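Peer 1: Sequence:
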Amino acid sequence: MAGTIRKVARVVPLARLLATAQVLMLARRHWLRLEPDERRRVITLVRRGRGVGHNLSVAERAELARLIAKADPRLFAGLVAQRFSPVPLPRRVVRGRKRP
Numbered sequence: 032m033a034g035t036i037r038k039v040a041r042v043v044p045l046a047r048l049l050a051t052a053q054v055l056m057l058a059r060r061h062w063l064r065l066e067p068d069e070r071r072r073v074i075t076l077v078r079r080g081r082g083v084g085h086n087l088s089v090a091e092r093a094e095l096a097r098l099i100a101k102a103d104p105r106l107f108a109g110l111v112a113q114r115f116s117p118v119p120l121p122r123r124v125v126r127g128r129k130r131p
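Residue 32 is where the sequence shown starts when you use this note's numbering, and the numbers rise one by one after that.
Think of the hints as simulated: they come from the structure by calculation, not from any bench. Do not rely on the hints blindly, as some may be mistaken.
Derived SDA-like pairs (lysine to any residue); straight-line CA-CA distance at most 20 Å [unchecked claim]:
| # | residue 1 | residue 2 |
| --- | --- | --- |
| 1 | Lys129 | Ala102 |
| 2 | Lys101 | Arg59 |
| 3 | Lys101 | Lys38 |
| 4 | Lys129 | Asp103 |
| 5 | Lys101 | Arg128 |
| 6 | Lys101 | Lys129 |
| 7 | Lys101 | Arg60 |
| 8 | Lys101 | Val77 |
| 9 | Lys101 | Arg72 |
| 10 | Lys101 | His61 |
| 11 | Lys101 | Arg70 |
| 12 | Lys101 | Leu48 |
| 13 | Lys101 | Glu66 |
| 14 | Lys101 | Gly127 |
| 15 | Lys101 | Arg64 |
| 16 | Lys129 | Arg105 |
| 17 | Lys129 | Phe115 |
| 18 | Lys101 | Leu57 |
| 19 | Lys129 | Val89 |
| 20 | Lys101 | Pro119 |
| 21 | Lys38 | Ala52 |
| 22 | Lys101 | Thr75 |
| 23 | Lys129 | Ala108 |
Small disclaimer: the values here were computed from a predicted structure and weren't measured.
Kindly produce the complete structure, drawing on both the sequences and the hints.
Peer 2: Now the structure itself:
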């Protein structure tokens, strides 16, 4: 195992590893916005769907969409972009338009 880690360390520059870790930490924060039972349900639906939407019923697709929306993927994408942008991004780019 240690040999494998050393090989990976030589191939992948440290900056790339740190960037990956930052994205994983952001993803975890958004994943934890869901309750434990909701996280289990997302996993169940994704497995049942096998990456194809028509493998789920209309109600299951709606439930999955609701759960994913609760994790706020728009904010996640904006925060990742902000993290790696060389210049500060406007708030509307990171967080989206203000909702009425």
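Peer 1: Could you tell me which of the numbered hints above are not met by this structure, giving the numbers in increasing order?
Peer 2: Numbers 3, 12, 17, 19, 20, in rising order.
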